[in-house]
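4 protein chains.
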Amino acid sequence: MNAPLPAVSTLPKFQPKDPAFAARVRASFARQQAMVLIGARLTAVEPGYTEISLPYRPELTQQKAYVHGGILGMIADSACGYAAYSLMPATSSLVTVEYKINILAPAKSDLVARGKVIRPGRTLSIARGDVYAADGTHVASMLQTLMMLADTPDTPEDAA
Amino acid sequence: MNAPLPAVSTLPKFQPKDPAFAARVRASFARQQAMVLIGARLTAVEPGYTEISLPYRPELTQQKAYVHGGILGMIADSACGYAAYSLMPATSSLVTVEYKINILAPAKSDLVARGKVIRPGRTLSIARGDVYAADGTHVASMLQTLMMLADTPDTPEDAA
Amino acid sequence: MNAPLPAVSTLPKFQPKDPAFAARVRASFARQQAMVLIGARLTAVEPGYTEISLPYRPELTQQKAYVHGGILGMIADSACGYAAYSLMPATSSLVTVEYKINILAPAKSDLVARGKVIRPGRTLSIARGDVYAADGTHVASMLQTLMMLADTPDTPEDAA
Amino acid sequence: MNAPLPAVSTLPKFQPKDPAFAARVRASFARQQAMVLIGARLTAVEPGYTEISLPYRPELTQQKAYVHGGILGMIADSACGYAAYSLMPATSSLVTVEYKINILAPAKSDLVARGKVIRPGRTLSIARGDVYAADGTHVASMLQTLMMLADTPDTPEDAA
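Chains as they are written, first to last, in my numbering: chain A, 1 to 160; chain B, 1 to 160; chain C, 1 to 160; chain D, 1 to 160.
Hints are computed from structural coordinates only; laboratory data are not their basis.
There's no promise every hint is true.
Said to hold, decoys possible - With a Cα cut of at most 25 Å, we get these calculated DMTMM-like pairs of lysine to aspartate or glutamate: (1) B:K108 / A:E46; (2) A:K108 / B:D151; (3) D:K17 / D:D135; (4) D:K108 / D:D151; (5) C:K13 / B:D135; (6) D:K108 / D:E59; (7) A:K108 / B:D135; (8) D:K13 / A:E157; (9) D:K108 / C:E46; (10) C:K108 / D:E157; (11) B:K13 / C:D135; (12) A:K108 / A:D151; (13) B:K108 / B:D151; (14) C:K13 / C:E46; (15) B:K108 / A:D151; (16) A:K17 / A:D154; (17) A:K13 / A:E46; (18) A:K108 / A:E59; (19) C:K108 / D:E59; (20) C:K17 / C:D151; (21) A:K13 / D:D151; (22) D:K108 / C:D151; (23) C:K108 / D:D151; (24) B:K108 / A:E59; (25) A:K108 / B:E157; (26) B:K108 / A:E157; (27) D:K108 / C:E59; (28) C:K108 / D:D154.
Claimed, not checked - If you want a taste of the chain D side facing chain A, the calculated C-beta under 10 Å gives, among others: (29) G121; (30) R122; (31) M142; (32) L143.
Using N, Cα and C, we set each Cβ at its ideal position, and we do this for glycine too.
The shape of chain A in the complex, shown without the other chains:
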């Protein structure tokens, strides 16, 4: 996607606890079958930051052919979650506690969701997510709370 997105200004300068954080985030994302279902791809992983790209498809739309607001929430949720997960120890997993999303403009195009940690914490992390359309339109903004589960596998229990 060659979108004229705004520059990722003020990217947080975080020191990841796990040097292999990017591979770990990518492996976890690959287990999110819901991302496969909607056709989302993880297109950037930095410490405290990730980007998810979602090509437009009619299957993702609501009644007026715009991308469903819940789909916007899905990609922003995962982008924020993995931004936070990138800073966590290799032995942890995490859960979404809550998120709030404002839908700023209807979207009928490819999308990019950017998640950024604004406060990493021992137990709770707070992240901000922003969704942009291919033409740079700011489509949605999210504020999210995540909780780290120390020493808990990030895989299905029955697979452990």
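Since the structure of chain A is provided, determine the placement of chains B, C and D on it from the hints.
Only chains B, C and D this time, still in chain A's reference frame:
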């Protein structure tokens, strides 16, 4: 689904402006291709209230095989939106302004999302959504703001 | 206040861990100088539920003489927080992680804020708050996340 | 306050509809008696941006002597609201629809709340608020929805 869900207590007593509200809501829901994608069905429509059922499928899960938090948001978003839409005039359409969802428990089962209008308004409506698992577990709670677009078709523009 | 408020239906049935929870909640509330500043009083404490009453005063208003939206947030925040605190062990304290509030109607009257736990947890609790005017009007609705701090005094550090 | 606050990067470039926006915003703020009650001052007004300063006082605190979370909400609410109001026509007034705030760190110091419009709209505007402590600590982050009321006085009705 024969779930021991809590009773739908305190169902609001609203007088719909459009006597054909239920058919209109069902027709609009049927145009939400994103609901088809995830396998969600609209299983109840009352004035100011709707219910959406979602059978569990591995395709809906995150990395630990629980239903993705964004999917919980999707069904609660649509349930709240159609609860509000049921009270609007036949000539209107609506958009989601924002929503906030707390995830109360991880879910690995069939789900029901219930949306209920808590304040209908001329321009803005506020709705509450709750998602329950098949065993009655309260899985998520949402608070949502919707905006009515007067005299605007609830169909894709290019199809109007 | 002889307000025709809606019945406190579906009051949660919680078993407090601390039999002296009500006295502990009242003592903590009494240390909230911000509640004294605005004239708020704690008028009910049950397991997982509290009620805060706020008489109308011009000092609490915004530019149009309605009670300031931030004041609505303050009393709902404290009502939810103490609802959660009532269920916690005597040796803990708690912090507000986040809250979201919808303002449903402007208010120019005495107010009551009700906080109710919807999910008590070991670390995180989720509560719902509702603010009503003296005539029963539903003024605001809140969804809030709180975090328990185990074995931490609920008093100023320098006083410990 | 000589605080090492982060630079106000990416200040939005908005063209105010009302050339006298700053005076109008200041006059409206001066009518917010709740801001007087807590000792808050409006210390910057730009198109789509305002800043509110709040000196620390024990009267603003919760049970552990930190500034009450509701007080953080109050100043962020007003900062966001006036950021949006600065872009509106002189004949309009506005109401807060809803806000969500994450409390990122406890605060026991002077505070600054910055409100910034992220999407101005004909009816609804979305703003982001951030609260900082005197030492630059990021204390809270808000996402807020506001509604413009066209041709409605921004003064008490009985005074019109």
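Right, here's what the structure says about each hint:
no., hint, verdict
1, B:K108 / A:E46, "violated, 31 Å"
2, A:K108 / B:D151, "holds, 22 Å"
3, D:K17 / D:D135, "violated, 36 Å"
4, D:K108 / D:D151, "violated, 41 Å"
5, C:K13 / B:D135, "holds, 19 Å"
6, D:K108 / D:E59, "holds, 12 Å"
7, A:K108 / B:D135, "violated, 38 Å"
8, D:K13 / A:E157, "violated, 50 Å"
9, D:K108 / C:E46, "violated, 31 Å"
10, C:K108 / D:E157, "holds, 11 Å"
11, B:K13 / C:D135, "holds, 19 Å"
12, A:K108 / A:D151, "violated, 41 Å"
13, B:K108 / B:D151, "violated, 41 Å"
14, C:K13 / C:E46, "holds, 10 Å"
15, B:K108 / A:D151, "holds, 21 Å"
16, A:K17 / A:D154, "holds, 16 Å"
17, A:K13 / A:E46, "holds, 10 Å"
18, A:K108 / A:E59, "holds, 12 Å"
19, C:K108 / D:E59, "holds, 24 Å"
20, C:K17 / C:D151, "holds, 14 Å"
21, A:K13 / D:D151, "violated, 46 Å"
22, D:K108 / C:D151, "holds, 22 Å"
23, C:K108 / D:D151, "holds, 22 Å"
24, B:K108 / A:E59, "holds, 24 Å"
25, A:K108 / B:E157, "holds, 11 Å"
26, B:K108 / A:E157, "holds, 11 Å"
27, D:K108 / C:E59, "holds, 24 Å"
28, C:K108 / D:D154, "holds, 15 Å"
29, G121, "holds, 9 Å"
30, R122, "violated, 13 Å"
31, M142, "holds, 8 Å"
32, L143, "holds, 5 Å"
Checked against the numbered hints listed earlier, the structure breaks hints 1, 3, 4, 7, 8, 9, 12, 13, 21, 30; every other hint is satisfied.
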